[in-house]
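Asks: These protein sequences, in sequence, are chains A and B. Straight run, no breaks: the first sequence in this note's numbering ends on number 861. Straight run, no breaks: the second sequence in this note's numbering ends on number 1395.
By construction, these hints were calculated from the structure, which means they are not laboratory data. Check each hint, because a few of them may be wrong.
Said to hold, decoys possible - Just some of the chain A residues that point at chain B, by a computed CB distance under 8 Å:
#1 Lys721
#2 Thr723
#3 Arg824
#4 Trp826
#5 Gly830
Stated by the list, open to error - Computed cross-link-like contacts, SDA-like style, restricted to lysine to any residue with a CA-CA straight-line distance of at most 25 Å:
#6 A:Lys831 - B:His1130
#7 A:Lys831 - B:Ser962
#8 A:Lys831 - B:Ser901
#9 A:Lys721 - B:Ser962
#10 B:Lys1123 - A:Thr827
#11 A:Lys831 - B:Lys1157
#12 A:Lys831 - B:Thr967
#13 B:Lys970 - A:Asp836
#14 B:Lys1157 - B:His1130
#15 A:Lys840 - B:His1130
#16 A:Lys831 - B:Pro971
Don't be surprised by glycine CBs; every beta carbon is placed ideally from N, CA and C.
Listed below are the residues making up each chain.
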Amino acid sequence: MAPIRDKFTIHSKAVVCQDVELKGDITIGSGTIVHPKATIFAVAGPIVIGSGCIIEESAIIVNRRKEVMRIGDDNLFEIGCRIEAPSISFFNTFSTRSRVHHTVRIASFCVIGANCVLAPADDDALSDYTVVYGPSAERRMWTGKGKMQEADLRRKHAEYLREMLPKFNRLRRGDGA
Amino acid sequence: MAPNVLYHCPCLSTSSAPPPPHLASSSYNFHPLHALFFCEECDAVRCNRCVSVEVSGYYCPNCLFEVPSASVRAEKNRCARNCFMCPNCRNTLSVVPSDPPDAGDGRLSAPISTVGEPPFFLYCNHCRWDSSEVGITFEKPTGLAAQLQKLEDAAPDSLEFDRLKEHFEPIIRASSLSSSSSVAPSTSHSQHHSNPITAAASAALARDIPGVAKYTPHARSGRPSGKDRSANKDEMPEYKSRLDISHASNYGSGGGDVDVDFMRRLEDVSEVASLQQRWNYSWSTSIETRDLKPLRIPLHSKRSKRCPACTHILIKPEPKAQSVRYKIKLVAANYLPAINVALPHQIEMLGHISAEAAKRSTKAPVDGDKDARSGLQAGKTYPFHMSLTNPLYDPIQVRLSVQRMHVAAATSSGEGGTTEKARRPPFAISIPTTPFSVAPFAEAWEYEDDEEMFGLDDDELEARLSGREKETKSKSKTVGVLEKRANVTVVGGEVALGKEARGEVKFNMLVAYTYRSDDPAPSEGHDASPSKKAVPETKTFAFYTVVDLGNIISKEEPRIDPYDV
């Protein structure tokens, strides 16, 4: 296997801390926040992260496939989650210590509950507003009521972090900067 | 399983000695120390089976509101404030406002006001169930329980039940006076636990319900015993139900053709509500998931317990729901020495195994393997340690003795094939039989002048004892007093297993302890101190315990350890 070539493209408005493990071809969009000790690992294909995402401590995002792993806008990756899904749209929440394998594609407004493991053997796709919860990773559909308030909260959360993180952490700049 | 010690409560047996531990009835007589109470008046251990229980208050486990007992019934035992349970996952629900009207451009950019838009609904943070799914929304975010209770009360089952109560009420009231005289004799059969409180409860249970034939086993063939009762039966007007029961399922209470029809069209299992989701309801509901309604949270109660013999309160919680303290707390742990049993070879082995596992970084060894290394093997002799912790402010002299295994009892209990083996007790226990002392309990900061304290208390006794200890120590290293520190004394024992031994190593042990009750320690707000009367004499209290050392691994099936070299 060819050695992984590092190529980081970080938007000037993104907040990526210095103490972050990045490997491979990674693009991070504007306003996205990557906390220290997060890991983004493009093993095979590149990873493209949209704007306004929050990637918390010790979250792991891995792309094992050849094709581009696209992560949309305003996704929240909570502490200790491990996500390998090949495509993620926008406004999803991956709760603490949740795991999503590379066989699952995720649409928008999905919630993967704390400690839920999504590891189907065959390819699977979560449709919009799917909620995965509980110890046996049950699924149900959310009505989507209150999503505006949640979106607003997510924005404020990101805004606060954009303000506070640079005060206490060194930031990483992209290759171009 | 780790070796453990359980304490005997003599409430079930007629004799003071407990049944031998291999009998099935043994397990009902023994309890862990933390589950036992101690009655000072009777000087006896009480367990949860023999105490009489009273409810001292109701509260909501979610909002910790203390519900006055008068309104508990009206609110149907559920919280009447804003506490709800998710019908889907049983998490608590929160009241949330709706989203502001959509701007229409699809972008989520409108600023959100802090007040919230009116229709309010209940929302589960865990599974994102919300009450708008079942059509429940509120105009105001307050007083939701009342609105929901109205809904509950409108259920056909609830209405039917109310109607039934109404129907029977005049009959009950009319005959309560006449039947009150017949209550007294019916309680006479419960002579075992008879005291004013339990008597009242059992009287309430044994009271004849007018219109319902009295249950007497031999009255079946004979004519009804009481004239007034048969008269009541005749007087009772016929009850007409509100709804025809054959059509009840049409009103959403579940069952009948509606469910059959639903099941026939079923496409996905998740459309059917699980039993877990449904059995929290007061009334029967439909089995469809989409019909699940938010539940008001059931109330919890705080209970106080009384001694069955002298009706003194053994434990009484503080009435405040937020408080986890007790006003009165006479628990056995404050009176009886706590005994812990350990098998030193097991501890060593477990440490060894875990260290090995860490080194090898493979999967943890399976339980069977662990058992084989740390279990008791037939034909061998094992030492065991018992540590006794003294909770009293006085030093105690403890004397241990093993209850003899009755051979006759053993044979009678043994299975048919193994009677020959059961004739001999499968193991022999040797423990120190001479009394030994356990130092008094003291607050942690008082332990610095440990030696002085010993000398001051009763040095003569102490000296005599230490001499004896040395004697036993010289005889063998495993049996005898091994260690003394603070208010803990560790004694060693030995178990010798027979060659053909199998089953559990379990034995009854009588613990007798003597304490000087001349100076009741000044208790500073500590309710644990025994407030015995100042009698300058020693008192002895004895109790039985069952010591379980674990299972014997019989020699017939030798387990070869693949890791051993």
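Asks: Each hint: holds or not?
Replies: Checked hints:
1. Lys721: 23 Å, violated
2. Thr723: 22 Å, violated
3. Arg824: 6 Å, holds
4. Trp826: 4 Å, holds
5. Gly830: The hint holds - A:Gly830 has a Cβ within 8 Å of chain B, the shortest such distance being about 6 Å.
6. A:Lys831 - B:His1130: 35 Å, violated
7. A:Lys831 - B:Ser962: 14 Å, holds
8. A:Lys831 - B:Ser901: Measuring from Cα to Cα gives roughly 38 Å; hence the hint is violated.
9. A:Lys721 - B:Ser962: It is violated: about 40 Å lies between the C-alpha atoms, which goes past 25 Å.
10. B:Lys1123 - A:Thr827: The hint holds at about 16 Å.
11. A:Lys831 - B:Lys1157: Between A:Lys831 and B:Lys1157 the Cα gap is close to 48 Å, so the pair fails against 25 Å, i.e. violated.
12. A:Lys831 - B:Thr967: 17 Å, holds
13. B:Lys970 - A:Asp836: 23 Å, holds
14. B:Lys1157 - B:His1130: Distance of about 19 Å is within 25 Å: holds.
15. A:Lys840 - B:His1130: Given that 25 Å is the threshold and the Cα spacing comes to 39 Å, the pair is violated.
16. A:Lys831 - B:Pro971: Given that 25 Å is the threshold and the Cα spacing comes to 19 Å, the pair holds.
Hint check: violations occur at hints 1, 2, 6, 8, 9, 11, 15; the rest are consistent with the structure.
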